[in-house]
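Protein chains: 2
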Amino acid sequence: MKNWEKNMRQVVPYVPGEQPDEPDMIKLNTNENPYPPAPEVQEALKNLRADSLRLYPDCTAGALVHALAQYHGLSDDQVFVGVGSDEVLALSFLTFFNSKKPILFPDVTYSFYKVWAELFQVPYECPALNEDFEIEPGDYKKENGGVIFPNPNAPTGVVLPLEQIEEIIRSNPDVVVIVDEAYVDFGAVSALPLLDKYDNLLIVRTFSKSRAMAGMRIGYAMGNPKLLQYLSDVKYSFNSYTMDQTALVLGVEALKNEAYFQETLQKINDTREWTKEQLAALGFIFKDSKTNFVFAAHPDYSGEELFKALRAAHIYVRRFAGERVKEYLRITIGTREEMECLVRFLRKYTGSSK
Amino acid sequence: MKNWEKNMRQVVPYVPGEQPDEPDMIKLNTNENPYPPAPEVQEALKNLRADSLRLYPDCTAGALVHALAQYHGLSDDQVFVGVGSDEVLALSFLTFFNSKKPILFPDVTYSFYKVWAELFQVPYECPALNEDFEIEPGDYKKENGGVIFPNPNAPTGVVLPLEQIEEIIRSNPDVVVIVDEAYVDFGAVSALPLLDKYDNLLIVRTFSKSRAMAGMRIGYAMGNPKLLQYLSDVKYSFNSYTMDQTALVLGVEALKNEAYFQETLQKINDTREWTKEQLAALGFIFKDSKTNFVFAAHPDYSGEELFKALRAAHIYVRRFAGERVKEYLRITIGTREEMECLVRFLRKYTGSSK
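Protein chains in written order, with my numbering: chain A, 727 to 1080; chain B, 727 to 1080.
With the rest of the complex left out, here is chain A (with noise of 0.2 Å):
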């Protein structure tokens, strides 16, 4: 080891999911919409100019910001944009997690949130989900330097009541609570209606996965202004200008389709329950999931295994470590032929005649 290596700071990172590229894959390992992003986005795109490149873009995201504001019926001052939403809770992590106390998050969650904390030096502790799979907010009400948590929970799919989330952040005052709703759209309650009520609440969204913009690197936090105004200090200290041209424009583009965002999101969810139906004939368990993705695990075979026997059949899925969680699969909900060939497959590996 070199002299200089001893002042790096030695982080063991995130590892994403795979990105393969064959042309007869079926890819539900990373929650990616199958559907494209509204056909304005299609449109903007034709419209783009490449000599405006040579100026910086708005280090404000201005229009994006006023964009978002607007479609959730909040002021502009309560709305920060980012480079997806990683980049919005990396930002957030390194703003609001600076106590000593540990920071909470659940043991089986999105497992980013440990790799920020280890990056940052943020103590944490993670109280277990439940047999269920569900938070259980009594583990909150301990002190702690902060909390956070997906809801829907991610890679389980399951759903926090609203009840339940404002019943943590009601037992937190004293520190920022996060609740990362970047699968909300799918179908849960959005804790967007507590803005009001808690000025230590931060939600957090991401076009990634119902916006089906993941190419593009969108994320967005809601807070109130004052809780904003710190996070934004920080990244103008971090990268004055984190969204480039493109991302503004054609982020703003994304969001004005209502219809077109319904309409998928509803066929999204029409096969995730026509998934589970046919995953349950077939044996597998799993918790009811109101995200793009189901977390299943069968009784006859290990996770491993069926895992490996997918990835031969070029069918991608995603699978975690952890005891608690290694025998299952986290199934990214495709187009309805997707998943067919999907439930085919299982069906002749699993040997059931249904």
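Rather than coming from a laboratory, the hints here were simulated on the basis of the structure. Since we're looking at a predicted model, the values are computed, not measured. For every residue, glycine included, the Cβ atom is placed at its ideal position computed from N, Cα and C. Mixed in with the good hints, there may be bad ones.
In silico EDC-like pairs for lysine to aspartate or glutamate, Cα to Cα no more than 16 Å straight-line [as the list claims (entries may be wrong)]:
hint, chain 1, residue 1, chain 2, residue 2
1, B, K772, A, E769
2, B, K1016, B, D858
3, A, K772, B, D777
4, B, K732, A, D900
5, A, K826, A, E869
6, A, K728, B, D900
7, B, K728, A, D900
8, B, K840, A, D959
9, A, K728, B, D925
10, A, K982, A, E766
11, B, K1016, B, E999
12, B, K732, A, D925
13, A, K732, B, D900
14, A, K732, B, D925
15, A, K827, B, E731
16, A, K1013, A, E1003
17, B, K867, B, E893
18, B, K827, A, E731
19, B, K772, A, D777
20, B, K826, B, E844
21, A, K952, A, D802
22, B, K868, B, D900
23, B, K923, B, E893
Output of the computed footprint for chain B on chain A, the stretches with three or more beta carbons under 8 Å from beta carbons of chain B [claimed, not checked]:
hint, segment
24, 757-764
25, 769-781
26, 889-902
27, 923-934
28, 963-969
Once you have looked at the hints, place chain B on chain A.
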């Protein structure tokens, strides 16, 4: 103050140059390129398809990394890309500067260095540039936790000769030395030949100036693979997918047309030399700049007065606080026509009969 505010990271953010948008303005305040990106970029924009945006971008930014490696005659594992050189630098501070000893950077330099040091609570010392605004290599031989400086320096425009850069690196084998080459394409000598010799050297570049792509937020670092692995681990612990699909595509295109690149550089450098002659004739003082800006003061007029007068005429330049620099204006080199306007205004303002 609410209790939850006690755990906030409180910082004084970097303030980027303003981005006015007036039809008749002459914008010489953020060192943007007056010429558009290479024609290949416009062509590629036309071919972007919205359908693919539903998918995550390549988190390794493989195509862009490879294009940059090829361009500089390096291997792919010697290149790291990020959302502008600001993100690359922010992540570098987080990765490399974790000593309890102070890092060193000049008193007059890119003002973001101090902001990153404060954000990540890195101790720092700022050796003073000499009377000629030059870095004194001897100042960088004390014990430290890392070294960073731009070459050419900003906002002075002054070049540090390669032998003196090597002297600084040679004196600091136990820490990482970052040479920020944001402006190197405009006429300075790069430290690239030193990469093979010093495994603790990181060179950082941007597409925002010479490549005319400020709007796309592309920066990169070059260094030995081991050094970059630490940086990459931190990046994957911060945000897996930093570069969106359009930035990855357009970044590759921007590297293809070397003739166009050299032609626009030559035009800017010619205009810079012409501007220097004119400013000198009007009595301005400045050091020899090898960048796309001139850092100039006038003995008979305060920096504040000149800044305000120019602004009133819709000519935007940049001015910095600080005892040593407050009388100076940092004037970006625009088109010849823009600089003629500037000079006409200054000639009239200073009452010169020339």
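Legend entry - Index of numbered hints that the structure contradicts, given in increasing order: Per hint list: zero violations.
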